[in-house]
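A.B. asks: Join the two chains into one complex using the hints; note that each chain is given alone, in its own frame.
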Amino acid sequence: MRVWVEDLRYHFAMALRAVGIGIVAVAWASALSSEAQQGSDPRAYFEVAAVVVSVLIVQILTALPPSATLTDLVRPMERDINAVARERAGGDARLQAEYVSAITALATERLRQGANIPRDRRRWLRTLSDLADTHQA
Amino acid sequence: MSFWWVMRQLGTIAVAHAAVLVVVFFLLLLGDALFSSYAILLQDAVFVSYVAQLGWLQRMATDVKGSIAFVVGISALCQMLLLLGRVVWRAVD
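Going down the list, the protein sequences come from chains V and P. Residue 496 is where the first sequence starts when you use our numbering, and the numbers rise one by one after that. Residue 73 is where the second sequence starts when you use our numbering, and the numbers rise one by one after that.
It is possible that some hints are incorrect.
[As the list claims (entries may be wrong)] Quick list of the computed label-pair ranges, beta carbon to beta carbon:
| hint | chain 1 | residue 1 | chain 2 | residue 2 | range |
| --- | --- | --- | --- | --- | --- |
| 1 | P | Ile112 | V | Ser529 | 29 to 35 angstroms |
| 2 | P | Gly103 | V | Thr564 | 37 to 43 angstroms |
| 3 | P | Met79 | V | Val548 | 25 to 31 angstroms |
| 4 | P | Phe97 | V | Pro571 | 22 to 28 angstroms |
| 5 | P | Asp135 | V | Arg618 | 54 to 60 angstroms |
| 6 | P | Leu102 | V | Trp499 | 36 to 42 angstroms |
Worth flagging that the hints you see were computed from the coordinates, not collected in a lab. The C-beta atom is built at its ideal place from N, Cα and C for all residues, glycine as well.
This is chain P alone, in the form it adopts within the complex (with noise of 0.2 angstroms):
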């Protein structure tokens, strides 16, 4: 294993993880959308679309985003280090 694949599947992981980060953000905007088109479709339902709001305020909240970057950032890094060290731990094997 040579110095480039290392960096290559470093890279690899690094743009796997974007996309997913990428996936779960779409997701949670695609399940918004879903639930407020759902309260506009129902226009008298004061409820469902009081609901739909907080859901939104809610999941799109920093805090509820920057924990999932959080999660992804800390999955990236177990990856990648973990990686290495197999990769080390071969060579010196």
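Bound conformation, chain V alone (with noise of 0.2 angstroms):
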């Protein structure tokens, strides 16, 4: 998973909300002004409030991509992060939780600087949890 693709279908997904949210405003406008029987004038101007108004409610409502904050990117992985830690803590759940926050800091700062998260999500979580063994060394 690349973290330009998570943002562009986050993107597009809040842009197809917006998008369909404005058509049908200034549908209901339009028939509105219709019903009232308005001018062409007042009727333009109701419809481009319409549109304004509720574009721009839905995109306030709308919160920043993913790689803005990285929870999001990273909460998808925390059954892997888990299991990973699991693995290494041997059932110990105080070292277990000691070990989510250390591999779940390195993914973040890795996602951070630029990094794509790898199909094998499992190996590389492995691979961060022995740069937290190495860290704590």
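C.D. replies: Set out below in structure tokens:
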């Protein structure tokens, strides 16, 4: 998974949502002003206002893309991180929690530097846990 | 968040909106193609043929396509400005 692909997917979904709601708003405004027997000028102003307001509200409710916070990118890996930490800790709950936080920190740092998440996540996370061991030593 | 990250996001927003515009126009075209093929299938139905032609003229009219492009443009502008605003807000905060 590449980070920019995740961002593109996110932006596309948000754009589709905003444009869909905008088109519905302009159709609704057009139908309302037609029923109210308005002239072409007030009708056009009403439609433009409907589009701007509806799209602005939708975009205000839209968060930043996944690469901005990185938590959205790390969240799907939580299960793998826990599994690798459990493997390494060998039943010690305190050590497992330490591994989870160390692996998460290393993964986040690498993603922030522009790394892509490889297909074999477990292998990558095991390498990161080795690095965590090296840091501890 | 670096300058290049912001530039990449703005470019991605532009690409995503161009893709949305293509998708919406394609769906309009597909809808009219389905209606037109239905009209061709019912060769005797003058009314269906007339409605299909009228529908085509209405949906493919410049003002309809222009309205859709306007909505897409406003959406792209809002998304870009809000992204910039949030990034600046974060940097200040």
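A.B. asks: Are the hints correct? Go through all of them and say.
C.D. replies: Status of each hint after checking the structure:
Separated by about 31 angstroms at the C-beta atoms, Ile112 of chain P and Ser529 of chain V satisfy the suggested range of 29 to 35 angstroms. Checked against the given bound of 37 to 43 angstroms, the beta carbons of Gly103 of chain P and Thr564 of chain V, roughly 39 angstroms apart, stay inside it. A hinted range of 25 to 31 angstroms for the beta carbons of Met79 of chain P and Val548 of chain V is consistent with their spacing of about 29 angstroms. A hinted range of 22 to 28 angstroms is violated for the C-beta pair Phe97 of chain P and Pro571 of chain V, which are about 33 angstroms apart.
Under the hint 54 to 60 angstroms, the C-beta atoms of Asp135 of chain P and Arg618 of chain V, about 56 angstroms apart, fit the expected range. Distance hint for Leu102 of chain P and Trp499 of chain V: a CB-CB separation of about 30 angstroms, inconsistent with the stated range 36 to 42 angstroms.
Going through the hint list in order, the structure does not satisfy hints 4, 6.
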